[in-house]
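Fit chain B to the supplied structure of chain A, relying on the hints for placement.
Residues per chain, in single letters:
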Amino acid sequence: MHAMADQSQRLEPSPWDLAAAAFLTWRGGDRAALDELVRVMTPILWQVVRSYRLDADVAADTIQATWLAFVRSHESIADPQAVGKWLTTSARRLAARASARGSTDPVEDEVLHRQLPAQRSAESTAISNDENARLWRAVLTLDERCQRLLRVVAFEQRPDYERLADDLGMPVGSIGPTRGRCLAKLRRALEPEGVIS
Amino acid sequence: MSDDEQLFAELRTMWVERDPMPEGLDDLVIAALAAEDIDMEYELLFLVERDQQFAGARTTTSTSAQTALSSKLEFSNGTVTVLLRIAGGQVGTSRIDGWVTPAQTMTARVVVKTWVGETFEHEVGVQDGRFVLAEVPHGLVRIWLSPQSSRAKPLATPLFEI
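For the record, the sequence lines run as chains A and B.
Throughout the first sequence, residue numbering follows the working numbering, covering 24 to 220 in sequence.
Throughout the second sequence, residue numbering follows the working numbering, covering 41 to 202 in sequence.
Just chain A, with the same shape it has in the complex (with noise of 0.2 Å):
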């Protein structure tokens, strides 16, 4: 069961092996490689920009900039496979500084508010949706800061945590043990409900 695990993540590429072959075939000369790049990593840079409270339009915004900025900057990124990585740091930085000015809203009513059933029809969604909302509530109970944290290593590949740091506006040396303690709560808030079920 476990190999079989290892395996499909073997034959399944993660989303910064596309990103880093996809930009490869792009720097080859190979125009149409730059959509594929973009297909693959706008839906990570959304959440991360999303982290920030951003709403809809200006987290839109802030990722149009950061893709923008990539095709004026690509050849400062010297290592392909650290493309994703670049990619995810400039659009968090650029989340932060709208953040900083103020776009901001109180994202999770807006989540909430979309919770009409979604087009999903199959069965087992229904059941993952369940665990999906148990989770969800569980980190509403988070503080800001948290959340924020946990969404943007959920989605970053080995995020930096001094760049994380000095975005979150946290001393370096306090990411790791901050993140253990928001995990901590996060459990703890998933605990009573578990118990139940």
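Hints are computed from structural coordinates only; laboratory data are not their basis.
It cannot be assumed that every hint is accurate.
Using 20 Å as the maximum straight-line C-alpha spacing, the simulated SDA-like pairs for lysine to any residue come out as follows [unchecked claim]:
1. A:K208 x B:D43
2. B:K112 x A:A79
3. B:K193 x A:K108
4. A:K108 x B:D43
5. A:K108 x B:F48
Below, chain B without anything else, positioned relative to chain A:
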């Protein structure tokens, strides 16, 4: 997979489902990059606010052109603020009223990649910080503001949809 990695994987699934990327954002980015001239120096304005209202009542016909959509977009670079009011004009076009503060003499150029794949360009003067683009065809729009006298870089909005 460690317990933490497992939990992060569940969090990823949850966030993607709860707050997915809006449909078409990747297409907008692709269009913006396709139109980008990287040799051109300019300063990108950032979106401060977008306010959208359906003005007219919905008609029974399904053509969206009959549902007047008015929106207000505010862009800035921290120094210059550009306010755009976009209102339905002739069928298939919109009128864009623009205000630039602090007021300065510039030219405003609109570039539209229309839904049928044509490129529309039109340039007007900005007087006392004000400009009007009367009949802008619908599509993906970018507005360029070039200061007339100074050597300052032109300002450009990001690509947006009307």
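Against the structure, the hints:
Between A:K208 and B:D43 the CA atoms are separated by roughly 14 Å; this keeps the pair inside 20 Å, and the hint holds. Between B:K112 and A:A79 the alpha-carbon distance is near 15 Å, which keeps this suggested pair within the 20 Å criterion. Distance check on the hinted pair: B:K193 and A:K108 sit about 30 Å apart at the alpha-carbon level, beyond 20 Å; violated. About 24 Å separates the Cα atoms of A:K108 and B:D43, which puts this hinted pair outside 20 Å; it is violated.
For the hint pairing A:K108 with B:F48, the CA-to-CA distance comes to about 18 Å; that is within 20 Å, so the pair holds.
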